[in-house]
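**Q** Letter by letter, the chains look like this.
There are 2 protein chains.
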Amino acid sequence: MNQYVFGVDVGGTNIKLGIFELPNVKLVKLTDFPTPNEHQDTAIFDAIVLNMQKVCEELGTTFDHVKGVGLAIPCPVIGGCVDICANVGLNDLNIEESMKLRLPKHMKVAVGNDASLAAFGENKELKTPYENAVFYTLGTGVGGGLIINGKLIEGKNGAASEFGHMKVFDGFEGEVCGCGKNGCLEQIAGTKGIFRLMKQYSILEKTVVDLNDLTVKRIFDAAKMGDGPALKTVNRVANVIGESAANIAMIVDPEVFIIGGGIAASGKFLLDKIIESYQKNARYKTIYTPIVLASLGNKAGAFGAAHLVKDRL
Amino acid sequence: MNQYVFGVDVGGTNIKLGIFELPNVKLVKLTDFPTPNEHQDTAIFDAIVLNMQKVCEELGTTFDHVKGVGLAIPCPVIGGCVDICANVGLNDLNIEESMKLRLPKHMKVAVGNDASLAAFGENKELKTPYENAVFYTLGTGVGGGLIINGKLIEGKNGAASEFGHMKVFDGFEGEVCGCGKNGCLEQIAGTKGIFRLMKQYSILEKTVVDLNDLTVKRIFDAAKMGDGPALKTVNRVANVIGESAANIAMIVDPEVFIIGGGIAASGKFLLDKIIESYQKNARYKTIYTPIVLASLGNKAGAFGAAHLVKDRL
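As they're listed, the protein sequences go chains A and B.
When the letters of the first sequence are read in order and numbered with the working numbering, they come out as residues 198 to 510.
When the letters of the second sequence are read in order and numbered with the working numbering, they come out as residues 198 to 510.
Okay, chain A solo, but in the shape it has when bound:
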C-alpha cells in the first residue's frame, strides 16, 4: 500500500492542500479551500484535518497510510511556533502542537514559514538541488527563503530571509510598513508599494492604466507596451530588488537567486530588469551569480511543506 505525506500552504485567503506519495514526494492531488475567517486559531486546523480526510477518501486511503503533515504559515516560525502573525489569526501559538492534537499519534507534523518553504520546495524539486540558494517570493508581501549547506535557515527568531524588511530607502514620510518600521523593500516591491508608485508616477505623466482598478498584472502589461508611469514603476521595483540582492550576495554569496511568487509570473520582463540592476550593483565575482525564475508557481509552498515533513520522518 502506498504511503503519503500532506503538504499544506496556509494563505490569507486560501489554503492549498497537496497529498504526496512517498518516498519521492510525488504530487498526487492538490486541492484548495477558503481560509476560515473566524476563530482562525482553531478553525484553520479543523478545516485542514477535514480536507485531509476528504482527500484520503477520494484516493481510497486512510490516515493509517499518511506519515505526516507539513504546514507552511505566512509569518515567522521558530521551532514550530508562531509569535506574531500579521496575515492570519495565529498569534502566540504552538502550530505544531495545535495540529498534532487533531491527528493520530503516528503522524509527524512539521511547520515552517511559507516563503522559506516555497524556497525549499523549489530547490528540492530541481534535478540537482542547490546547496546555497537565495529565493525571493514577490507577492502581496515580499518574503524569501535561504538555503545554506543544503539546509533551510530559520534564524534565531524565525526572521531569517525576511528580505522584504531589509531597509532599502529612507522610507515614506509619515508611514510605516507592516513590520512597524519604514524604508522596507516590501514598501516598494510589495503589491501595495507597486500601486503607490504607479499612482505617484501618474501624477506627472499620463497612463493608459485605470488607477481606480489597479492590479499588478495591468501595470506590468502596460509597462511592456511602453506606458510611462507603468514602466517607471516596474523599473523602480526591479532596481530595489536588484540592489537588495547585491547586498545579500555580500552576506551569504549564494550559488543562485531564484525569483518566485505571484509577481514573478510576469516572467522575463521583470527578471531581465532585476538582473540589470543586480549586475550594476553586485561586487567582485558575485556579479556572475545567476538569477532565475522559480518554476513551481503557487504550488511551491505545499511542495516545500511536504518535503520538510518527509525529511523529518
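Note that these hints are calculated values from the structure, not bench results.
Computed from a prediction, not measured in an experiment: that's the story for all the values here.
Hints are not guaranteed to be accurate.
As the list claims (entries may be wrong) - Calculated pairs, EDC-like style, for lysine to aspartate or glutamate (alpha carbon to alpha carbon, straight line, at most 16 Å):
| no. | chain 1 | residue 1 | chain 2 | residue 2 |
| --- | --- | --- | --- | --- |
| 1 | A | K348 | B | D280 |
| 2 | A | K482 | B | E328 |
| 3 | A | K353 | B | E328 |
| 4 | B | K348 | A | E328 |
| 5 | A | K482 | B | D280 |
Said to hold, decoys possible - Label pairs and their in silico Cβ distance ranges:
| no. | chain 1 | residue 1 | chain 2 | residue 2 | range |
| --- | --- | --- | --- | --- | --- |
| 6 | B | L323 | A | F392 | 42 to 50 Å |
| 7 | B | P220 | A | H262 | 49 to 57 Å |
| 8 | A | F260 | B | V489 | 43 to 51 Å |
| 9 | A | D508 | B | L323 | 27 to 35 Å |
| 10 | B | R509 | A | K396 | 56 to 64 Å |
Ideal Cβ positions, reconstructed from N, Cα and C, are used throughout, including at glycine.
Given chain A's structure and the hints, the job is docking chain B onto it.
**A** For chain B alone, coordinates are given in the frame of chain A:
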C-alpha cells in the same frame, strides 16, 4: 612529545605567526614580522616558513611535531585560492599549494579570509561557541565573518561576509570604493572613510583634532570629549554599521553580532552607539539580538587560522 599547529595572519604591513599546542589549540607563542614588500607571491611564503622554523628552534621542537599551518589572507579566498587581492600581491594564486610546496608532506595547510578567520577564532575561543554568529572586523577595511550551523561560510565566490561592501548610501560623487563600486559601508566606516567624514564635518564646525595628522584613535578620543565634528563622525559611522546589521538580521537572523578589529578597540563608546542605531533599525524580535565586543583583539586571525587547520587534521 607535544604536537602543534601554526596559525598565521598575513596583513598588509605585518604577519602574525602563532604556534598552538594540540589538541586544545592553546597559544604557546605569538610573534610578528614585517610583510615582505617585493615578490610577495613567493617572499611571503618563504618568510613564513623561515619564521616557523625559528619558532620551532626556540621551543626546542621540529616540523616533525607540527601537524599543520592555517593561513589568514586579506582577500576573498575560495578553496584555498585567491583570485584578486587588493591588499597584498597574491593575485590569481593557489595559496594552499604555494605553502605546501615549502613544507614536509605530513603537514596540512588550510587557508581562509582573514576577517572570516578572525570571526571563527573569536567564536572557537568562547566557552560555548555560537552556532550562528555575525562578526564585523572594523579596521583599515571593513570585513566580517559569518558562522551558520557552526560552520564558517565562504560563499560561492569567497565573498560571503564582505559586509564592508554592502551598499548603505548613494555613494560619493566621482569616487569609487576599492571594490570598484560606490556607496559601500567601508567608504564610511573604514579608516579612510572616517578621515573623510572628519574633514568634511570640520569645514562647518571647529575641532580640536589636528586634521593634518589624523588617526582613528584621536578622532574617537575627541568625540568622547564632546568635540563636534569628531562626535558627528563617530555617530555617522555607528549609524551605518547599525543599519547594516539590522539588514543582516533580516537575512540570516544570527544569535549574536560580535564587533572586532582595530577600531573596535575604542570599546563601549562605539559599541553603545552601534547598538542604539541597530535597535532603531532592527525589525521583529531581532531587535533583541545582542551586539558584543570581540575579545581576542588582533590575535583573532591567528587563532582562527590555527582552529581552521586543526579542524581539518
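**Q** Does each hint hold? Answer for all of them.
**A** Tested hints:
no. : hint                          : result
1   : K348(A) x D280(B)             : violated (28 Å)
2   : K482(A) x E328(B)             : violated (28 Å)
3   : K353(A) x E328(B)             : holds (10 Å)
4   : K348(B) x E328(A)             : holds (14 Å)
5   : K482(A) x D280(B)             : holds (9 Å)
6   : L323(B) x F392(A): 42 to 50 Å : holds (48 Å)
7   : P220(B) x H262(A): 49 to 57 Å : holds (50 Å)
8   : F260(A) x V489(B): 43 to 51 Å : holds (49 Å)
9   : D508(A) x L323(B): 27 to 35 Å : holds (30 Å)
10  : R509(B) x K396(A): 56 to 64 Å : holds (57 Å)
Hint compliance for this structure: hints 1, 2 are not met, and every other hint is.
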